[in-house]
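Asks: Here's the letter readout for the chains.
There are 2 protein chains.
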Amino acid sequence: MTVSETSPGATTETLRRVRAAGRRQAPTGRQPVPQLPRRKLVRAFPPMALVSADEIEAIHRASLTVLAEIGMDFTLPEARDLLRAAGAKVDGERVRFDPAMVESYVGSAPAEFTLHARNPENSRRIGGANMAFGTVASPPNSSDMEGGRRSGSHADYQNFLRLAQYFNCIGFISGYPVEPIDLHASVRHLHALRDMVELTDKPFHAYSLGTERIRDGIEIARIARGISPAKLEEEPSLFTIVNTNSPLKLDTPMLRGIIEMSSRNQAVCVTPFTLAGAMAPVTVAGALVQQNAEALAGLVFTQIVRKGAPFIYGGFTSNVDMKSGAPAFGTPEYMKATIVGGQLARRYGVPFRTSNTCAANTVDAQAAYESVFSLWGVTMGGGNLVMHGAGWLEGGLVASFEKFVLDCDLIQMVMEFLQPLETTQDALGVDAIREVGPGGHFFGAGHTLARYAEAFYAPIVSDWRNNQQWLAAGKPEAWQKANAVYKQALADYEPPALDTAIRDELGDFVARRITEGGAPTDF
Amino acid sequence: MTVSETSPGATTETLRRVRAAGRRQAPTGRQPVPQLPRRKLVRAFPPMALVSADEIEAIHRASLTVLAEIGMDFTLPEARDLLRAAGAKVDGERVRFDPAMVESYVGSAPAEFTLHARNPENSRRIGGANMAFGTVASPPNSSDMEGGRRSGSHADYQNFLRLAQYFNCIGFISGYPVEPIDLHASVRHLHALRDMVELTDKPFHAYSLGTERIRDGIEIARIARGISPAKLEEEPSLFTIVNTNSPLKLDTPMLRGIIEMSSRNQAVCVTPFTLAGAMAPVTVAGALVQQNAEALAGLVFTQIVRKGAPFIYGGFTSNVDMKSGAPAFGTPEYMKATIVGGQLARRYGVPFRTSNTCAANTVDAQAAYESVFSLWGVTMGGGNLVMHGAGWLEGGLVASFEKFVLDCDLIQMVMEFLQPLETTQDALGVDAIREVGPGGHFFGAGHTLARYAEAFYAPIVSDWRNNQQWLAAGKPEAWQKANAVYKQALADYEPPALDTAIRDELGDFVARRITEGGAPTDF
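First to last, the sequence lines map onto chains P and Z. Position one of the first sequence corresponds to residue -11 (our numbering), numbered consecutively onward. Position one of the second sequence corresponds to residue -11 (our numbering), numbered consecutively onward.
Simulated from the structure, these hints should not be mistaken for laboratory data.
DSS-like mimics (lysine-lysine), calculated; alpha carbons at most 25 Å apart, straight line: (1) P:Lys463 x Z:Lys463; (2) Z:Lys311 x P:Lys463; (3) Z:Lys475 x P:Lys311; (4) Z:Lys77 x Z:Lys295; (5) Z:Lys219 x Z:Lys295; (6) P:Lys295 x P:Lys219; (7) Z:Lys463 x P:Lys311; (8) P:Lys77 x P:Lys295; (9) Z:Lys311 x P:Lys475; (10) P:Lys463 x P:Lys475; (11) Z:Lys475 x Z:Lys463.
Make a model of the complete structure from these sequences and hints.
Replies: Spelled out as structure tokens, the structure:
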């Protein structure tokens, strides 16, 4: 074959012949959405160190100084009582931590644990070299091509859950993929959590928005798995994200969430929301010091509530645009903060939570490059629990159906990247090279025929047709393909099996709690 | 500040306040294209090892087997004579290499060298931890929003050179950013190389398309730098890409290029164009074995021509879509091949050349994600010379003006990512955290005011406006912004200074060679 970068005519000719040779295998008719099988994701290579061990210690020590000298506000009296009893210095709402006290809790939380799903095949190891990607969570708006940008609804919420179930690459439900604003806030969590159990069989998140909601979440997770309260305490079966109110504040609803969850051995992920230049210092290192101080305070508090309860170190440090104050995501600063965040989490021997973010307003090139830069940081940084894996747009203000599908393609590419390279003698292919010899091609080689069907990643969205074919198809862009795929996925969606007794118990519980009025809405 | 991932209302409110706080600094009027200063790029962290040292040795040994038992076709008799004299076994066009002979040339080429530009400030170290990004090279077509996809022209060619000069992140000219098809092939290289010298002052590439063209390229590089032939032999001042004709063939024009370039100590980059499943085995490992065999044969031949001549190991292994035969780029397979390619180049102690690729038909999300996946492989794989850094679209069939600008933004983000994280006491920001305290914000902090102007990367393309502002601006997508930027860059472009004597000598040389008929076009 004649091919060369430096001889465009030859290249064009070769590509024409390559394509002609392959066209006989072109698919016809409607195909299922191509996707990878359900697969546990294990990183085969060590995560990256962006800064030295000495620099990690410098960040660690600075965080201890922040906790000792400045301290952190805990707004819930009950939490302060627990902290005081454990040796913290309490002054009004302010709590200060002696470095030795903080250090004494490092090593108490597990390095890895299993997050159990109602379908055991969907349970996930969290920590170590394991990775799991979840849905977007919490945007107040949703969008798709036809309906545009709109307030989150129960209908859109349910459709995102169906997509989360449909795509094998989605390991867990990170929260509400979009806020179902048309459900009243007092009972929203009951409807929403029941949907999670009925429409999916993957592990899920419940919000720490006060005692009642998180207790309902725990009970629904228990019912879904058909296990006893004692068994639930042995097996973490849901998780909650606790956002600190940066800088240096932990609010009452979040603290109640930790108390309810950690006391029952469920997974708590404390995630400071530290945008450098706004809620944290204008330097990445400074924002990381603050993130680390807040995360360590969270680690200590979970372990005071229950020694050994699963804790996840959450990193969410990005920057703002200093010209406009707008939050920025998927930036070089975000990548660095993510990778160093992973180094810090491993310093403390706990799993690391991170996110697939972007700031773009639409599913264009910017959305894609900010997301892949995020995933670069996430993957090389050793992220274990990847929140907002699919669907996040506009800095988290929008859940996009097209972005969801695009992100599934990106996640699958990361999954393929994480698969070890096969280097068996057969894979090294010397005999195939011998068979073909100089000047030949490999389309008909036995080695090729034996392997071609599974040889390479088959993308969901990427359009690899040549220009002529692409023009004839109406010049579709990636987001248009993603739109068609999301609708096909919804059409092909099948709800997972659910035991009738569990469905009934769940229905009874939700009905009773709704009758009781759900949860207060005055927080 | 109240902010939380888990409480969208609060998040929205915080973002509104963050934005309001920043708006007073919003820019007004026309700004120059924001870009990073000219900067040497040095990776502060070691490149990634995707496979073990044992697996690298397995690939190495398999390549030696290929070269010993199958061999490679060299179509130029003069090249075969040189190889035979050096101990290779020659049988017709086929040349076989004893493993010991190959090993004897490893270590002969320099691990690093300086590629000299006519403007010394633009000279670049090639190899080691140094990275440099070049333009796209060799597409037969160009495109932009208004003019659409069209055959390459001299006018577009010149405009791409102006962009290459304008953007500081572009370190070198990789070849013709688009083929100027309206210039006759016999004299195209003379016009095109003169343009490179007159419109830019960065290092450049000349094509190995026969003896005359590459000799003209070398002479033009010498004239441009105003140095003697002897000095040129001391200082590599241009480079050439030699594509093998995979599988296992090196053609006459390319071999002549090596002979001319290596004999004068100029930089030769041998790049097998090994698409797994088409011109190479259907496995990534097999394609790498073949890539490595061909690159090693190139290394040996350059060192036979002149021991110590600068050699660059080129990796261009990707895969084809086995359903259609279409080449695929920026895939997980491409990432893996790139990273392992870097391990192999370092095994031989030579610089590594790689590329920023994509297969997309337009500057959409696909173009962006394929490019960033490429850059991920390039950066973590320790790429030194990054070809096709800016402007490559449609698998290299199109040079896109909008993609050029988009890629400059991506390259700059990689450059920022490569900058070491500042971890001084001031950067750690404990005093700033103390000043602000729990519940405050950092907009007015002294630490912020002292640092905000240079704190974060300012993107070229990314649009971080909120939805309301973005809608009011007409919902621009990334490629529309890129279109405006490329035009502004052309309007703001200023040709670099050029000594009158050099300009005259260059003009005389080109005129004489055109009068002589240029180069033959029958290859």
